[in-house]
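A.B. asks: Residue-level listing of the chains:
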Amino acid sequence: DQQVKQNSPSLSVQEGRISILNCDYTNSMFDYFLWYKKYPAEGPTFLISISSIKDKNEDGRFTVFLNKSAKHLSLHIVPSQPGDSAVYFCAASERGRGSNYKLTFGKGTLLTVNP
Amino acid sequence: DGGITQSPKYLFRKEGQNVTLSCEQNLNHDAMYWYRQDPGQGLRLIYYSQIVNDFQKGDIAEGYSVSREKKESFPLTVTSAQKNPTAFYLCASSRLLGRGETEAFFGQGTRLTVV
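Residue numbers (the working numbering), protein chains in the order written: chain Y, 244 to 358; chain S, 130 to 244.
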């Protein structure tokens, strides 16, 4: 049973426009959310995160929005650039045993930014 | 430079053989993780460890084993019991914070092909 869902396997946008990547979750114990970017045959790199006590976090061209009541978050990239073309993973964390935690990932969305 | 290193990048093994994937980090991170990526499946957690000589099963631990004898190292053994071992394996590490708010840093991955 998928606890983190990225329902769009792919998204294509024009350079300079906004990219919006969506993520839904089912586990109400998740308290921290992250977005990772991944190129083929490489490890994911961290992009941006948001705590459950916030509803927005911004870092340059990247903004993450969290709607706790809807259990939904989104990543906005504006303006989109061709170098942003990659697979984007949404991830969520919950308190585990003691102070550890583990990340649960969605299946990813392939973003293609066309010049 | 601080980082997390996986070796080798590509690995081929015959069916029925055990194989060990290496993961080393010099970030002084307490927690380490192993994920597996399959096409269309996102990242699935195999094992994780928050402290030396302690580790927990993730969502798909069957057919795998790990050890954590040193803080810097978290090798993963893919045993002959793993039914579908061919995949892209990712190791990650993170700090442990009381509130669980920290990102995981990933290695470059190991592509294992079993023939």
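Bear in mind the hints are in silico, worked out from the structure with no lab data behind them.
Do not rely on the hints blindly, as some may be mistaken.
[What the hints assert, rightly or not] Straight line, CA to CA, 25 angstroms or less: simulated DSS-like cross-link-like pairs of lysine-lysine:
(1) Y:K299 / Y:K280
(2) Y:K281 / S:K199
(3) Y:K280 / Y:K248
(4) S:K200 / S:K138
(5) S:K212 / S:K186
(6) S:K186 / Y:K248
(7) Y:K280 / S:K199
(8) S:K143 / S:K200
(9) S:K143 / S:K199
[Claimed, not checked] Take a look, some chain S residues computed to stay more than 10 angstroms from chain Y by CB distance:
(10) L140
(11) S151
(12) L174
(13) E232
(14) R240
All figures in this text were calculated on a predicted structure; none of them were measured in a lab.
Don't be surprised by glycine CBs; every beta carbon is placed ideally from N, CA and C.
A.B. asks: For each hint, tell me whether it holds in the structure or not.
C.D. replies: Status of each hint after checking the structure:
Taking the CA atoms of K299 (chain Y) and K280 (chain Y), the gap is near 19 angstroms; set against the 25 angstroms cutoff, the hint holds. This hinted pair does not check out: K281 (chain Y) and K199 (chain S) have alpha carbons roughly 28 angstroms apart, beyond 25 angstroms. The hinted pair formed by K280 (chain Y) and K248 (chain Y) meets the criterion: a straight-line CA distance of about 16 angstroms does not exceed 25 angstroms. With a C-alpha separation of about 22 angstroms, the suggested pair K200 (chain S) and K138 (chain S) falls inside the 25 angstroms cut-off, and the hint holds.
Only pairs whose Cα atoms come within 25 angstroms are accepted, and K212 (chain S) paired with K186 (chain S) is accepted, the gap being roughly 17 angstroms. Distance restraint check for K186 (chain S) and K248 (chain Y): the Cα-Cα separation of roughly 22 angstroms lies within the 25 angstroms cut-off, and the hinted pair is therefore satisfied. Using a Cα cut-off of 25 angstroms, the hinted pair K280 (chain Y) and K199 (chain S) is violated, with the two alpha carbons roughly 29 angstroms apart. The suggested pairing of K143 (chain S) with K200 (chain S) is violated, with an alpha-carbon distance near 31 angstroms, which exceeds 25 angstroms.
About 29 angstroms separates the Cα atoms of K143 (chain S) and K199 (chain S), which puts this hinted pair outside 25 angstroms; it is violated. No beta-carbon of chain Y is positioned within 10 angstroms of the beta-carbon of L140 (chain S); the least distance is around 13 angstroms. Annotated as non-interface, S151 (chain S) keeps its C-beta farther than 10 angstroms from every C-beta of chain Y; the closest such distance is 14 angstroms. Annotated as non-interface, L174 (chain S) brings its C-beta within 10 angstroms of a C-beta of chain Y; the closest such distance is 6 angstroms.
Not every CB of chain Y lies more than 10 angstroms from the CB of E232 (chain S), the least distance being 4 angstroms, so the non-interface label is violated. The Cβ of R240 (chain S) does not lie farther than 10 angstroms from every Cβ of chain Y; its closest approach is about 7 angstroms, which violates its non-interface assignment.
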